[in-house]
Amino acid sequence: MSKTWPKRFSLTKSPLPEESKDTLCTNWFSIYVAAALSFVGTVQFSLYFSSIWPYLQIIDRSIDETQFGWVIAIYSVGQIVSAPLFGFLSNKICQVRLPLIIGLCLMFLGNVSYLCLEIVQLPKFYILLFCRCIVGMGSGNVCLLRTYASTASTVKDRSRAIAFVTCGQALGATSGPAFQLLFTFISYPGFSLFGPLNFNLFTAPAYLACLMNIAGVIVLIMCFEEYYAGLEEAKAKECGGEEEKNAENEQQQKQAKLPPYDLLACLVCYLSRFTQMFVQGNLETIGSPYAMMMFAWSEQIAVQVTAIAQSLVGAITFGTYILYISLKSKKELNCRLSCILSFVGLIIFHLITFSWPFLPTPVTTFNETQSQMEPRPVGCNATKFSWCQNLSQVNVWLFYSSYVVCIGLAFPVLNIAMNTLFSHILGPRRQGTQQGFFQISGTFARLIGPVLMSNLYTLRGPNLAWTMELAVAGATLFMWLIFYGRMVPLLSTKRRSLSAATSFSRLEDGKLSTSGSMQSIGEEETEKESDQQRTEEANNENGKNNGGTKAEPIRRHNTLSKTLAVVLERDGKLSVAH
Numbered sequence: 001m002s003k004t005w006p007k008r009f010s011l012t013k014s015p016l017p018e019e020s021k022d023t024l025c026t027n028w029f030s031i032y033v034a035a036a037l038s039f040v041g042t043v044q045f046s047l048y049f050s051s052i053w054p055y056l057q058i059i060d061r062s063i064d065e066t067q068f069g070w071v072i073a074i075y076s077v078g079q080i081v082s083a084p085l086f087g088f089l090s091n092k093i094c095q096v097r098l099p100l101i102i103g104l105c106l107m108f109l110g111n112v113s114y115l116c117l118e119i120v121q122l123p124k125f126y127i128l129l130f131c132r133c134i135v136g137m138g139s140g141n142v143c144l145l146r147t148y149a150s151t152a153s154t155v156k157d158r159s160r161a162i163a164f165v166t167c168g169q170a171l172g173a174t175s176g177p178a179f180q181l182l183f184t185f186i187s188y189p190g191f192s193l194f195g196p197l198n199f200n201l202f203t204a205p206a207y208l209a210c211l212m213n214i215a216g217v218i219v220l221i222m223c224f225e226e227y228y229a230g231l232e233e234a235k236a237k238e239c240g241g242e243e244e245k246n247a248e249n250e251q252q253q254k255q256a257k258l259p260p261y262d263l264l265a266c267l268v269c270y271l272s273r274f275t276q277m278f279v280q281g282n283l284e285t286i287g288s289p290y291a292m293m294m295f296a297w298s299e300q301i302a303v304q305v306t307a308i309a310q311s312l313v314g315a316i317t318f319g320t321y322i323l324y325i326s327l328k329s330k331k332e333l334n335c336r337l338s339c340i341l342s343f344v345g346l347i348i349f350h351l352i353t354f355s356w357p358f359l360p361t362p363v364t365t366f367n368e369t370q371s372q373m374e375p376r377p378v379g380c381n382a383t384k385f386s387w388c389q390n391l392s393q394v395n396v397w398l399f400y401s402s403y404v405v406c407i408g409l410a411f412p413v414l415n416i417a418m419n420t421l422f423s424h425i426l427g428p429r430r431q432g433t434q435q436g437f438f439q440i441s442g443t444f445a446r447l448i449g450p451v452l453m454s455n456l457y458t459l460r461g462p463n464l465a466w467t468m469e470l471a472v473a474g475a476t477l478f479m480w481l482i483f484y485g486r487m488v489p490l491l492s493t494k495r496r497s498l499s500a501a502t503s504f505s506r507l508e509d510g511k512l513s514t515s516g517s518m519q520s521i522g523e524e525e526t527e528k529e530s531d532q533q534r535t536e537e538a539n540n541e542n543g544k545n546n547g548g549t550k551a552e553p554i555r556r557h558n559t560l561s562k563t564l565a566v567v568l569e570r571d572g573k574l575s576v577a578h
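In terms of the UniProt record's numbering, the sequence shown has 211 at position 211, counting the first letter as 1, and numbering is strictly consecutive.
Accuracy of the hints is not assured; some may be wrong.
[Claimed, not checked] Taking CB as the label site, the calculated pair distances span: (1) 384 - 348: 29 to 35 angstroms; (2) 155 - 190: 50 to 56 angstroms; (3) 191 - 378: 34 to 40 angstroms; (4) 85 - 195: 31 to 37 angstroms.
These are calculated hints, taken from the structure and not from any lab test. Positions of the beta carbon are idealized from the N, C-alpha and C atoms, including for glycine.
Using the sequences plus the hints, can you model the full thing?
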């Protein structure tokens, strides 16, 4: 397979590879394209949330809530399957364009199948499973966009580049319900658009998604230019032809290889991503049912208030990303501290919104007999849920204000900091496979989280569900505190070699300085042997012609050995460049 594509239209003044052979610069237009595509891939998950269940009740009332849960979960199954495959393919062919196009085509196929749902004579449930699974598989290419932002940007620009991509993801996850609100004025069945295919409030999201997918493919083919400014020269040349590799094989052997990344630090990042998506998915799943039960609201009011709150969260998320991207002092961001504070914010939200037994107002309840009345009663169904009688009502203003502030700030900050830190932990290497597993950890949380949350909510009420989320967030925060020292960027080859060479040269003088904390380690040994040195110097002066000079190398060797022992004892390890 050819690794080069036809020349594309240049829509940016950012340097392309042939224009910047001597300097490494970030091609910002390609980063903007990656951010837009991350929005397209992520919005396909939230675009159908508010419309798919009413749509199923119209076209096939035999589908129950349990089957609907599988419809939601199958999207994540598709992502789990495809994300590592996209990462492997990207690493194999050394490009992200082709896997991105494949993903967009899969999403287009899934959305077209959804449009045909009401006209096919096959069982609607299985057709819908196929639709959502295919769309989920296509959206698995989002991991490649984070990979590209990491490797296509220089170290100076990497945080800003990753922020663009994660901003697109965050906006896609939060703006889906807002798009649905734009189509609520188009009643069912709407009007015919392509023969038997109708355009209405239920099918409009699929049409919009198809247009996004088509636009994404066109931009990738016509305008997108891959330029990996962040890869070191030796790693970037690995994607060249075989002749080029053989010609420069000797030069590559002389260059030091990247050290392996810290697997434990990566596992902590995987856990952090799991926790973030676990909390986010659970809150999205029970948002409206929880509001109806806790605040005794009707379906319409619950949906409206939840949509407003989600829109405010989206606005704060967007503002956070814009503020971060526009700031000039992005180097001052402490990724580790930002992640820790984000998890603290999630814990604070759950503590504030917990239904504590000392709260004065109980929730409104009704029984099964009243549920058959018109209009339908609101509150907690005491016949169905035994825990209604002992549940206290959370203040509605406190709940939604804490939701907007804590969740609206914690999620975007965590996205920026964790994605940036994860990229730095892996180092300047191709990250397709690792980013695939990073996305899988979040997708797996979206798969099992709603199932666990709904079961706990049904059996024991929201308190046990809140306790589960507190436990997961608390465990993740504990892991960050324990392994805080391991969550650091991978040193580049040049820095490690320079540091080791400097350390070795200092060892020859009996001194070593590590991170500014160790000074003149051999000083103590030198003082103890001062008398012996003077004696040896006198002997050396008197025995120049008799081989007396052998004493000096022996003394230096002894001092160096003692210094090495002190270093190993204090620091545990020492890398010496040979």
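Going down the list of hints, with the structure as the test:
1. As the Cβ distance of residue 384 to residue 348 is approximately 32 angstroms, the hint placing it in 29 to 35 angstroms holds.
2. About 52 angstroms separates the C-beta atoms of residue 155 and residue 190, a value consistent with the hinted range of 50 to 56 angstroms.
3. As the Cβ distance of residue 191 to residue 378 is approximately 35 angstroms, the hint placing it in 34 to 40 angstroms holds.
4. In this structure the hint that residue 85 and residue 195 lie 31 to 37 angstroms apart at CB holds, the actual value being about 35 angstroms.
Of the hints listed earlier, there is not a single one the structure fails to meet.
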